[in-house]
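Asks: Model the full assembly from the supplied sequences, consistent with the hints where possible.
Each protein sequence line maps, in turn, to chains G and P. Position 25 of the first sequence, counted from 1, bears residue number 24 in numbering that gives the first Met the number 0, the numbering being contiguous throughout. Position 84 of the second sequence, counted from 1, bears residue number 83 in numbering that gives the first Met the number 0, the numbering being contiguous throughout.
No false leads were mixed into what you were given.
Among the chain G residues that face chain P by a calculated CB cut under 7 Å, a handful are: (1) GLU16; (2) GLU48; (3) PRO84.
Hints in this document: simulated from the structure, not taken from any laboratory. Computed from a prediction, not measured in an experiment: that's the story for all the values here. Beta carbons are placed, not taken as given, at the ideal position from N, Cα and C, and that holds for glycine.
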Amino acid sequence: MEWSDEGIVLSARRHGESGAVVILLTREHGRHAGLVHGGASRRARGLFEVGNRVQAAWRARLAEHLGHFSCELLESYAAAVLDDPLRLSALTAATAVADASLPEREPHPRAYDGLRELLETLETSPSDQGIAARWSADYVRWELALLADLGFGLDLSCCAATGSREELAYVSPKTGRAVSATAGAPYRDQLLPLPAFLAAETAEPADAPAVLAGLRLTGFFLDRHVFSHSPGGAGAASQAPAARERFIQRLRNAAS
Amino acid sequence: MMLSDMERLVQLLARLPGLGPRSARRAALHLIKKRESLMLPLASALGEAAANIRNCSVCGNLDTADPCGICRDPRRDTATICVIEGVADLWALERTAAFKGRYHVLGGTLSALDGIGPEQLNIDGLVKRAADPAVTEVILAMGATVDGQTTAHYIMDRLAGLDVKVTRLAHGVPVGGELDYLDDGTLTAALRARRPL
Numbered sequence: 000m001e002w003s004d005e006g007i008v009l010s011a012r013r014h015g016e017s018g019a020v021v022i023l024l025t026r027e028h029g030r031h032a033g034l035v036h037g038g039a040s041r042r043a044r045g046l047f048e049v050g051n052r053v054q055a056a057w058r059a060r061l062a063e064h065l066g067h068f069s070c071e072l073l074e075s076y077a078a079a080v081l082d083d084p085l086r087l088s089a090l091t092a093a094t095a096v097a098d099a100s101l102p103e104r105e106p107h108p109r110a111y112d113g114l115r116e117l118l119e120t121l122e123t124s125p126s127d128q129g130i131a132a133r134w135s136a137d138y139v140r141w142e143l144a145l146l147a148d149l150g151f152g153l154d155l156s157c158c159a160a161t162g163s164r165e166e167l168a169y170v171s172p173k174t175g176r177a178v179s180a181t182a183g184a185p186y187r188d189q190l191l192p193l194p195a196f197l198a199a200e201t202a203e204p205a206d207a208p209a210v211l212a213g214l215r216l217t218g219f220f221l222d223r224h225v226f227s228h229s230p231g232g233a234g235a236a237s238q239a240p241a242a243r244e245r246f247i248q249r250l251r252n253a254a255s
Numbered sequence: 000m001m002l003s004d005m006e007r008l009v010q011l012l013a014r015l016p017g018l019g020p021r022s023a024r025r026a027a028l029h030l031i032k033k034r035e036s037l038m039l040p041l042a043s044a045l046g047e048a049a050a051n052i053r054n055c056s057v058c059g060n061l062d063t064a065d066p067c068g069i070c071r072d073p074r075r076d077t078a079t080i081c082v083i084e085g086v087a088d089l090w091a092l093e094r095t096a097a098f099k100g101r102y103h104v105l106g107g108t109l110s111a112l113d114g115i116g117p118e119q120l121n122i123d124g125l126v127k128r129a130a131d132p133a134v135t136e137v138i139l140a141m142g143a144t145v146d147g148q149t150t151a152h153y154i155m156d157r158l159a160g161l162d163v164k165v166t167r168l169a170h171g172v173p174v175g176g177e178l179d180y181l182d183d184g185t186l187t188a189a190l191r192a193r194r195p196l
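Replies: So, in structure tokens, the structure goes:
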């Protein structure tokens, strides 16, 4: 068995003295693990920093084997954001969420393309804009797209109660459908706020409270549909990756 | 099944970094051959090290005394603390003889993958030390990796309310390095951190 594909490094765990088990999100082969001989060595360690885009070749005798990767660096997104705490935490959160949510060896090209676009936005965004930058809204949109790709997409196109496309302000936690401000007013304590930048047919810029509301929204559905089904996750309050929690905390600190 | 003393020795040696079963057998044979001059002194040194070496309660360094030799040395600058991931990094900095302050060993970096959170690292001890009015600068000497810099940013946040200057090591072209052989990330960091001559 042998294939070649481009991929984004989601994690690299040391194996033995200098080897590493690397998990890549590849475009055509999905989230895929493989052993890299010398992957944790001084020379190769930099290649497997999370968020790096690599050209990978995978080889194994049988398809069900772990197999071996040999990789070449295409783009080092992490290097560009190392000095910026907010963007670095967004990068680690995005790769951790992708690693925790996507099934193994199942192609999700849209998730791959979305993550790559997000990392490119993170890389090229100016560091002085903080939470107001475009990437923070893009991060929330990427999590929404990931939910949709996993089969748990939210319907934010019109109000579930009235069919109206105007003034969408809430999301029903039961159905994942948008609810207008008027129809949702009596139940607003039980509904999740829908930030304007996520509502259909609006292109409003996202401020800090809106981004945090968006993350609360996606976090609720990721917890319910994805993280609670991960190993050891059933019945737990939240199995969201620690990197995502740290990212949200950093956004809160930046906003206050 | 009971292992012979020789097999047990080989198995234990093979657990050392850099040694596989084959090189462990060679090392064991060498030790047996040099029983008086090497094996017995080594066994005694191992026993003494296991009994006496401990972490310094101030900085986390390894030493037979607590506080360690560096923390007790009156010639070292008490105003500067250099924060490093592990004792190996401390040894690397000591080899340069370029730093005359004191150290603080974290014991690793934040790593979601390995389940290492802030409470597993020696960060509270650092915050306490940095709160001392005698300390004026904290140097964050973590690796230029995602985990290393995530830890550095976290520590920066924890030290934010204190009256200390927080600095970090520069990233860029290594001494003797040629641009042609540098990776893109290092070159990008070097360009961003350029300074006037």
